[in-house]
Amino acid sequence: MIPAAFEYARPSSVDEAVRMLADAGEDAKVLAGGQSLLPLMRLRLAFPELVVDVNRIPELRGVREDGDTLVIGAMTTHHDVIADPLVRRHAGLLAAATSTVADPAVRHRGTFGGSLAHADPAGDLPAVVLVMNAELVAQGPRGRRTIPAREFFVDYLQSALEPDELLVEVRIPKADGWGFRYEKFHRVAQAWPIVGVAALVRRGDGHIAEARVGLTNMGTTPLRAAAAEEALSGAGDPEAVAQAAQEATQGTRPAQDSSASPEYRAHLARVLTKRAVLAAAGMG
Amino acid sequence: MTHISLKVDGTTYEDDVEPRLLLIHYLRDRLGLTGTPIGCDTSNCGTCTVELDGTAVKSCTVLAVQADGSEVTTVQGLAHDGEWTALQRAFHERHALQCGYCTPGMIMAARDLLREHPHPTPDEVRHGLEGNLCRCTGYQNIVQAVLDASEEEVTA
Amino acid sequence: MSETVEREVGRARYRKEDAHLITGQTNWTDNISVNGLLHLAILRSPMAHARIDRVDVSAALQRPGVIAAFSGRDVAEAMGSLPCAWPVAEGTVVPDHPPIAVDEVRYAGDPVAVVVARDRYTAADALEAVEVDYTPLPAALDIEGALAEGSPLVHSDKGTNRCYDYRTSDGDYAAAKARADVVLTRRYHQQRLIPTAMEPRAVVVTPLAASGDFTLYSSTQVPHVLRVLLAVTTGIPENKIRVVAPDVGGGFGSKLQVYGEEVITLVLAKRLGRPLKWTESRSEANVATHHGRSQVQDIEIAARLDGTVLGLKVSLLADMGAYLMLLSPGIPILGASMYPAIYKMGAYEFSCTGVFTNRTPIDAYRGAGRPEATYAIERIIDDLAAELGMDPVDLRRHNWIRHEEFPYTTIAGLTYDSGNYEAATDRALALFDYDKLRAEQADRVDHADTVRLGIGVSTYTEMCGLAPSRWLGEMNYAAGGWEAANIRVLPTGKVEIITGTSPHGQGHVTSWSQIAADVLGVPFDDIEVMHGDTVLATHGMDTYGSRSVVIGGVAVHEAARKVVDKARKVAAHLLEANEADLDFADGVFSVKGSPEARRTIQEVAFATFSSHDLPDGMEPTINAEHVLDPDTFSFPHGTHLCAVEVDTETGAVHIRSYVCVDDVGKVINPVIVEGQLHGGIAQGIAQALYEEAVYDEEGNLVTGTLADYLVPGAPDLPEFVTDRTETPATSNPLGVKGVGETGTIASTPAVVNAVVDALRPFGVQDIRMPCTPERVWQAVRSGPSGSSAQSGKEASA
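Chains as they are written, first to last, in UniProt numbering: chain A, 1 to 284; chain B, 1 to 156; chain C, 1 to 797.
I should point out that these hints are in silico values taken from the structure, not numbers from a laboratory. It is possible that part of the hints are untrue.
Examples of chain B residues toward chain C, derived with CB under 7 Å [claimed, not checked]:
no.	residue
1	12
2	13
3	37
4	41
5	42
6	54
7	55
8	80
9	86
10	97
11	98
12	101
13	138
14	139
Where is the CB? At the ideal position from N, CA and C, for every residue including glycine.
Sequences and hints are given; from them, build the entire structure.
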């Protein structure tokens, strides 16, 4: 399959990219890693008139520290996220989840920011930035703005980015001392998750002091399992964790598709929440 | 049309291409480098895997214009003076191919794997090749070939 | 004649095929480029069933770089109707099948129009400019529903969706059932599978306008069959068509076909007088290349309390899809003889109804009818063991044909020449550590573990070597089943084998070299094997149905024997000896008693080339051809054992160990045999656990790409432990039985039996394939009522 024709632009700075997007309006698409966009274009499910390739903008790549925050350039590849020592040290959950994304070749091209901006609820990383309380920084003609992760994912394949905005970096509070686990349930290694659960747990004195649970593919956006998080607070043994995990599906609206029914997805969300939290809490 | 200049298997090429031209079609149809085949539309099968600036990518999911200024290595650029690489030898000696259609992509993915994990476990090999499908071998001999080659593969 | 030393047969030779494949010096059909080559693209129906009211290609023709565009009506006359060579039963309904739909589209993916352009990108764009008006029609989308009263008709002119009814029986099943203590009835579903050879199809036609000759390159398993049927279908004389199968990237039955695209490309290349290429994309392949399986199987087994099987009754509904392709009706019938499998019984009834549905046509997929049969019998034998409280291996032992009983004629009428089920099973049980796993299984049940262990058994046999021509004739198949080999000994002593088989991964070049090297006594490396070109290999029936070694390989062996016989005459003449006084060993003729009087076969070849001094009246050649029509099938068998861990919380199935001991008779190259098994097992596991072609309620294929159709990758499959017993076939001089499909046939029931075995404590007796985590979870939750099986234990008087 072959993409429809398009105009191509390769800006060398964020300002230039934003100008191009502003000029083009709705008909432009940002080409990040291209690992989701190009297949969609080949299948002619997407046919932008202008493709703005942001791969040659050095300022969009790389990981740095800013006090208690990790700043990851939107165009940092999955491969580089996984390998980055700062990410490994301060955001182990992100490294773990990213290593389950697609396959090594795709991870060489695919980017952290690209997969967030794609806003696919079946993607592994949206739920992760949600539980890490990340902030996403967008730049547009009106300047920069910071969008909390919980406001970023608006609907199925729809983010809070305006058509003329570019996601430039993601700011993640360091999760030092938090236990973590990403439980991904998929039918074959390459397949999208039926459900995924991202768990971050801070242990107190023999119990869970605070737990954050993010759900992949349990609705049209990634979700926080708020009721389960609340119930997990203070849980001191596997039995209590299992009990609390039952709340994981509150407020979810899992889809029916060829890989699973909503009922099964809900069941998996509860089981995987239990497993992820137990592992993250070191109770597994 | 966009002007591009890139090096493929050691040779520099300059061409004017449509922006939508996929790297795999540039290699196959424009350069006649048909050693790298294409097997799907969704980047799942991995048959089109090549190296772009030293890392494995799926050339069906990269535009030719994105390879401008880069260096591409295909399976056709591996052997030197008829001397196969350790991976090519191991694939032959372990009967790691039958129809051979997935083989170029498998070899390129395996090179990538061995760069990152010079001494992988069988499980690491299987996961390292998760983006490449084979319909003939059941993967067992491919895994064994990569393990064999891991002892001696020197990547360029 | 003294025995030749077998230096090559049985040896783990590295493959001659590999060098060009691992260096990228390949010749896939899509690689072919010639001056003036044009590209063809096909517009396909987005609907399962619709009337075509209008096709307008004029806007497409206006686009720069577009050379031609046609609707189905524009070219219908020149293209004819695609052939079905196997109308199995009297009165089989064979609908007209235009390569491009004319009045109606009958499945999502049915071709509607074609465009020809200067390159593939221009062609793809031009498709979007073709205008088609459809009136949607109701569609028949499932096998049972299509037979129901009032169902939409796939071919309204035929008045029915029933394609054929076929039945066969032996013994008195009703009487057997009446005598039985236990009667089990089950319904199994063979899901639709998409074969997914890694190379999508491609066709290139180069016309030679002056002479009216055409060369058609196609990614096909069957260049010879294709040539005949292209001529019959298009009216282009057969002698004007050359068909070449270049490197072919896998087939698994999906390229055993005469496809519309082959006809379209040929006819349009003729009409335009230009070379033409069509290359299939993967998402096109998923709807346009034929699918496999898709049957509903009702099976009933009658047995005594001691486990003795008395009879078997099988009733199939077999999906044909929207049209009959080359072998569609015959595929389920290939399984008809295989349901009784390795078991002795007194009565057998088989019936099959072919059914049209508005979906992609069904035809051969690895095993073709036999995996379905093996699945059903091996599943119900496991169920019978559970019902009787017997160990499934013991129950099989109680009923199978013992090794001293061969040759044995089964209730289905096949005579198995040889086999040793005891030896293969004993070996497999030992390798598997069966008793230890059973103990662990019981332990997990005792502890109510979340993760259960299941053990699946499959003791299969299959019929290989399609096929004796006479049998094919009796089955109403249009062609024969012979195979040809030609051996040329060149003046310098090098050897060329031309085989009628058409390999696409099986390693014929290597194996045929090994076979001929032993007979001729020439070095392995001195032999070339050529194939896949109807100009070169004038005689051939191609590669499918595990036929290649059993027929084509044996034909090589016999042709080589003819060469030696001819060479013996020349050698005797040169040595001034009687033929009877010559020994032949390791490529050397020598006179008995005076070993210094000798001529190598290479010397004989040169002497024949110069022809200065040949026996009076002898033709100056030692080259020979052999065309072999087998007397019977061959019957490989084996025992496959699978242990799975089933996570009862999530339904996830993990294959913990997989052991198989196969008996494929004499082995030419053990590494190639093992490779065939690995790949076959992988495809069988894929059916058991992963793959299914899913349609939505409108009849659109949901699993249209490799992102949705789940072909397992390396992390999804276990390491297989393989071993062999070797009981030579007695039906051919090499003792070979065939191995191409055994793994696929054996493994699917082994895996599903294991999954069900793990869940029997929950009351589960069946899980529909593929055993997805959700289906497993549902089965665990709901026990017996949650399964698709209908249990019927009927006590008889």
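Hint-by-hint comparison with the structure:
no.: 1; hint: 12; in the structure: violated (19 Å)
no.: 2; hint: 13; in the structure: violated (17 Å)
no.: 3; hint: 37; in the structure: holds (6 Å)
no.: 4; hint: 41; in the structure: holds (5 Å)
no.: 5; hint: 42; in the structure: holds (5 Å)
no.: 6; hint: 54; in the structure: violated (19 Å)
no.: 7; hint: 55; in the structure: violated (19 Å)
no.: 8; hint: 80; in the structure: violated (11 Å)
no.: 9; hint: 86; in the structure: violated (12 Å)
no.: 10; hint: 97; in the structure: holds (6 Å)
no.: 11; hint: 98; in the structure: holds (4 Å)
no.: 12; hint: 101; in the structure: holds (3 Å)
no.: 13; hint: 138; in the structure: holds (3 Å)
no.: 14; hint: 139; in the structure: holds (4 Å)
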